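Number of protein chains: 4
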Amino acid sequence: MNEMKTEQEVTDRTVRCFSRLEAVLRRDGTIPEIGLPLQVIEGFLTRLAGLDSNNRFDTVCIGAGEREGRILSPLVQQLHYGLAHGIGRSGNLTERQPKAIGSSILSEITNKLALDAIRYLGISSTKAAMVVPVATGMALSLCLGSWRYTKPRAKFVVFLRIDQKSCFKSIFTAGFEPIIIDGIPETMISDGLTTDLTALKIVLEEQKGEIIAVLSTTSCFAPRQPDNLIAIGELCTKYGVKHLVNNAYGLQSPECRNQIEEAGRAGYIDAFVQSTDKNFLVPVGGSIIATFNVKSLDIIANFYPGRASIVPSRDLLITLLQLGKVGLKEIYNTQQINFEILRVAMQEYAKMIGQKVMEVKMNQISLAITLKGWTDQQQNAFGAQLFSRGVTGARTVPSGLSKTIDGYEFLNFGSHSSRRHDGYLNVACAIGMTTREIEELVKVFKEETPKWAFISSNDAHNKEV
Amino acid sequence: MNEMKTEQEVTDRTVRCFSRLEAVLRRDGTIPEIGLPLQVIEGFLTRLAGLDSNNRFDTVCIGAGEREGRILSPLVQQLHYGLAHGIGRSGNLTERQPKAIGSSILSEITNKLALDAIRYLGISSTKAAMVVPVATGMALSLCLGSWRYTKPRAKFVVFLRIDQKSCFKSIFTAGFEPIIIDGIPETMISDGLTTDLTALKIVLEEQKGEIIAVLSTTSCFAPRQPDNLIAIGELCTKYGVKHLVNNAYGLQSPECRNQIEEAGRAGYIDAFVQSTDKNFLVPVGGSIIATFNVKSLDIIANFYPGRASIVPSRDLLITLLQLGKVGLKEIYNTQQINFEILRVAMQEYAKMIGQKVMEVKMNQISLAITLKGWTDQQQNAFGAQLFSRGVTGARTVPSGLSKTIDGYEFLNFGSHSSRRHDGYLNVACAIGMTTREIEELVKVFKEETPKWAFISSNDAHNKEV
Amino acid sequence: MNEMKTEQEVTDRTVRCFSRLEAVLRRDGTIPEIGLPLQVIEGFLTRLAGLDSNNRFDTVCIGAGEREGRILSPLVQQLHYGLAHGIGRSGNLTERQPKAIGSSILSEITNKLALDAIRYLGISSTKAAMVVPVATGMALSLCLGSWRYTKPRAKFVVFLRIDQKSCFKSIFTAGFEPIIIDGIPETMISDGLTTDLTALKIVLEEQKGEIIAVLSTTSCFAPRQPDNLIAIGELCTKYGVKHLVNNAYGLQSPECRNQIEEAGRAGYIDAFVQSTDKNFLVPVGGSIIATFNVKSLDIIANFYPGRASIVPSRDLLITLLQLGKVGLKEIYNTQQINFEILRVAMQEYAKMIGQKVMEVKMNQISLAITLKGWTDQQQNAFGAQLFSRGVTGARTVPSGLSKTIDGYEFLNFGSHSSRRHDGYLNVACAIGMTTREIEELVKVFKEETPKWAFISSNDAHNKEV
Amino acid sequence: MNEMKTEQEVTDRTVRCFSRLEAVLRRDGTIPEIGLPLQVIEGFLTRLAGLDSNNRFDTVCIGAGEREGRILSPLVQQLHYGLAHGIGRSGNLTERQPKAIGSSILSEITNKLALDAIRYLGISSTKAAMVVPVATGMALSLCLGSWRYTKPRAKFVVFLRIDQKSCFKSIFTAGFEPIIIDGIPETMISDGLTTDLTALKIVLEEQKGEIIAVLSTTSCFAPRQPDNLIAIGELCTKYGVKHLVNNAYGLQSPECRNQIEEAGRAGYIDAFVQSTDKNFLVPVGGSIIATFNVKSLDIIANFYPGRASIVPSRDLLITLLQLGKVGLKEIYNTQQINFEILRVAMQEYAKMIGQKVMEVKMNQISLAITLKGWTDQQQNAFGAQLFSRGVTGARTVPSGLSKTIDGYEFLNFGSHSSRRHDGYLNVACAIGMTTREIEELVKVFKEETPKWAFISSNDAHNKEV
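Residue numbers (the numbering used here), protein chains in the order written: chain D, -13 to 451; chain F, -13 to 451; chain P, -13 to 451; chain A, -13 to 451.
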């Protein structure tokens, strides 16, 4: 008797608990301080899924439409917890689906937690965020397209050159054409590339009526540095042009976050986009569009034609609930510590081979080690050798290669600038990289560097002197 | 000793088997005749996943880039079999990823099986197909956008009216504007709506230089019928305009398939797009773009800016391997049989309430039952009542409602035509619907129909006479 | 506003639904008529798991004991839905665990559904059933051991010979020794083996004071037939000896079920044991002990020393909820139909090779085809060949092989009787076997039978005449 | 071309890798130094499962027996990776199954890794280990039963009292009766209870012919200490009686491990049994039987009647592969560190309430805090209060409670000795407990301790003086 009462109490308390978890997440929209156990997260997802019409068993469910969330394969069913309806409705990515209340709530909560994560990491003036189930390139494209109605005659997007295809192509996908502006060396003494504000100003001055937006970038391979968002944003405001920031993996970098926060707070950013996989360690497939103004985001959400996958939202939700704020902070802090470890290790390595790590202060994710005196072929062979040894992501960048993308020519493709250089080697330390990987990396570098490249200790001595 | 030998044999045979499965699927690109057991499918996916760099354990793996397929949450890891790299590369959705060989193979195989499925179902002239990890609306948009370079001055897409937001909005997403052409009654005696070819011809004649494409539709709610693809395609060819077919859930309808095959074989279709969830019972998030020409598809694949989720490809692969050709045929046949059952049941019901099922011969998925004599309010109340009883997808369509989408007004929104009517009730029988659902549906209809609506048996008799 | 209300309603209804499902299952203890969707079953399991202390997150949970249900590996966690505490307490398999309310409820419900399944299948006088997480052999052993206290001086169990090691060994595991009684031919005209009641009577008469129980068997390979449970039970009652029935896979056979029901209703059975894997298609690891008297079962439950795995209960619960009564009936009916198909096919095959299918009317799962005139070596080679062709479970039984198990010699091991015979081939049609497998089986039989064994059509004709 | 070659290489390498992993694990039988990623472990399990007949798709598989590993529910299939055949054969738990090669290999590897784990943790003279899919109580019972044939007239097991029902009941399950010997205080100055060797000697002297074994215990709640295994073993050897050690959760305690190693090496232990859940953080359901002699274990394996679940083996395999030796060491080291933290915290707490932590040096898992001056009712109320606050495993043990189990009376049940005491509170720090739990535990203790129990600081001061 007494036992039954206790059981009832436990049952009731548990039900209330999940309801409270749901209620709290929806109301406060904040990531829990301490991460939740996986079992709880699964329970929560299952409960949400149970609210969708295809998973309900409280009423007879009769699907008499053309899309009823039926899943044929039990394997696929499992891999989705039965969440079949996706997010959004025909007209808007954030609209609720009456058939899919659980999916709608899941999506809503994830958007809130994504916003909370961005603010918590330092871009505290952000006002709205939305997980879109397309990767960064497509998300940039959506932003650009959604602004078309504001300047129907506009034909161009100013592209502050970064040699990565997706973001360049996103301009065409949105139906625009690029005006490319090369990066320039920051100062005489730094190796970093930065925004050519003079060139930008000229372009805006001349073509402002036909330019829908400037597309700037924060995170990039060294020696590219984050663009000067504030100065760019000021110009954009002055000339009545939108400012879109490609913050692909910049959330993990304090420099990028600070610049976005500062420019955003001043009203100089219309939207910034970041990858969920690169910043939150989930599979490729989603990104977060964020704005400093609720209405701005709504216009973009409303631009999306139709429903879309819930998976990126779900994965991010799981990851944020598991991490909690404490865990999130920890992986971000670890990246910074490990980056320093990598930098020191690379400086040491560079010295052994008579080279140097470029001075690119504002880039705290990617490093560039000069390969002065190496032929292009030697550089390429070295890169290939590293890959065959299991090193992914490290690449050598010889100078002088040109590439044409959609009719536009990029001199020195891979270097983010037409300026000639002597070739270099890029390595990055992104979140998730471990110190053990860094150790192995250094080991492989040393083993695969050709013998002749090492300078004798005499030479080294001389150099130092 | 002997036992060990047998074990070795079994092991070797199993390894060879999976290799052979992979080899056969890649080479022949055909769905197996008989479906595979789930366990085998899982084994196959795990094996593919094991080829991606983030899952390999044969070499030390050192991730020194900004995106290394690391997955933080073991739960997310599980839900993806560790497939973290997505599909495609920066520049092209079908390009291989050196880091992600397994994911690349998976995507390649799925595209082949998707093509095989489409051909097997009757559109045998199809030459290429690609699963894109966006739903139908976005996929239509991708097609339209990818054609821009062929007629840089084009501004318009001709929209053969269907009252579904996604496909209408896809035009804007691609950066174009719509020219809307209303449907017209097919004949004096049929209730079906069909393409207004006269209007289309006039539009093309006048504006062909500014029109990139005509967007036609096959599957739709009755009384809308599939557009006349052949006649449309002929006009398109004549006037140098692309023809894009929205075949959302039309794969399951012989009428739609036949028309596409006929028009496609004649060279009258540039691409046709179908939903993976509606045609293959997987969760929302993907679609298949198919063409009658390999090169055409490549141009679209190449237009996509960046990587994308592998999930829709994976889900479709699982489902097709599980079904096999036999199973696939079976669910499609069942739909046709059940549609007839539903039609007969609805005719009977209609008679009981003094109404009729509209005569829309070419639409074998959706039915429309007239609600003549019902006020708008009565129709709406009936629709709401059905939803509260667990019936999803059935909807009442009173006449006279107007709606403005992105600045364009639709008279009689929901009816696919401005023409006034007396209101009706739509129900569909899509794949996956069971006879039990049909029975329940009829039961609920009868219970929820207001008493007054039923005609006395005398009246019924008179009507018949 | 209104939307929020609807959502709350759906949420509340869903919560109530799961609570109601739990309540109904506990109260009525009956398998649902129609099976539940997998998603609902998963949701239900997750909810139950959420009641266990290790999965709760409503209070701070502090584990200060030596066994706190912690699971280290997230993979293991997933594979168990976090159900870590097993079932039972130190003293009794059916006792509740205050720390593990969900696990306790799961176990309780499964026991009720197992009872319901047994009754529903025809043994309607059964009064209690319990899933034990050990296979049939160990379960028989538990029953025997739990009865020791009733006759402390007893040393023997009468074993009505069946040539299967587990059930024979279960006698030793319980601390007893066997008295073996061979089967005898049923009648002059039948090939079936049945109980030697005369011998049994003599043994009981002479040693009743030292005999704890008679262990009889229902399901077995032909030509063994179910023991004569009623006659055995009558003798047991008369001589004050327990009667334990090994019903390993007999639930699927109407003959076995009828005999158990009849004997049990008359009070002639103390317990009967069946495999969960063989009767309900779950992985090996569990069995069901059932009795015609609640108290009898409790004594056995109380005999189990300590906790035990919850997995067999969980798997059976999932399977029964998925099947529903309708589905359960269906797989059992299919077995009977397929058995007839197999029998006819084997008769045809036997005729082709001049042999016959033995007449064993009461065995409707297993068949024996004579191999008269084949040498032992020919029989063995044929058996090996079948296995190498992927046929499992079919075996040839030459005569004359002896085997010693734990000091006891079995003449003609494999034949359930010392009586010499000419060798035969056993095949079974158990639940889950498909007609396609039967077809393939016949095909392989024909291909692998040595040429010489086929009789010419002349011979066949002669034989028939 | 080149790309295809690379792919083939990666595929081949991966296949070889898994084969090598399997080969290495089988040959060396050692846990990898560094744990494997979950994805690799899953891949490995799936590969093994693919070798079982029910999962193979290389040949047509025709199941013509009564147990063919068919799994009905796809959910159950998933939760078992399709491993359906269990382990062992009718006669022996370690025998291979021709139908289930993958399951057999899995079981074999797990047994080797279990042995490696035990040795690695310090009991390095262990020669054989086997995971049995029953919890500790049943496993003890199996050992006892398997020895019966060595002394057919034996009726008794000497039970060195520990107040835990399972191990006591295991004696009856094996068909024996207990002779109970109470623990005695270790020394005048220690609070610990230890083995009464004098009493044991007398019992053995008098009844050795009827005694099959002595059942001793290592891990237990304080103030019980591990039995004196060496002295006990010496007596056992002298009197020709087996020595069975209940090492339930003792693997995690250096004291227990040392004693087992020392006694085992000297030939004084016939088998020792430990729980998989308590020592390796998997769900309840398995244990490991280990011996110092390969043949001894084989006899026990051979005693098991029939097949059994593979799940406990699988879970342990996953966990050990995930942990690696480094991870295993780490969780064991953490336990020791946390135990010290708990001890200090409890000493402090005890002082605040004028009590003390009992001096039980040899028990480094469980602590006992005196509750001198508390009435039984006050003790019970306190215990109940702790439970309701989410503290599990902590319990108060008032003196004077008696309990009868299977006809045997235990004075002072719960205290492991009939000796009266003043009541105490037990808490344990087992592996997996976190420092956060310890902090919360102390907090709850302080909050729930009745006000009157706290001594004023004056009192405290006086006491200290």
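Everything labelled a hint here was simulated from the structure, so no lab data went into it.
The model shown is predicted, which means the values in this text are computed figures rather than measured ones.
Take the hints with a grain of salt, since some may be wrong.
Pairs involving identical chains hold if they fit within one copy or between any two copies, as the list cannot separate such chains.
The calculated lysine-lysine pairs, modelled on BS3-like cross-linking and capped at a C-alpha distance of 25 Å, are [as the list claims (entries may be wrong)]:
#1 K389 - K281
#2 K224 - K311
#3 K429 - K98
#4 K432 - K98
#5 K281 - K151
field: Hints violated by the structure (listed by number, smallest first)
entry: 2, 3 and 4
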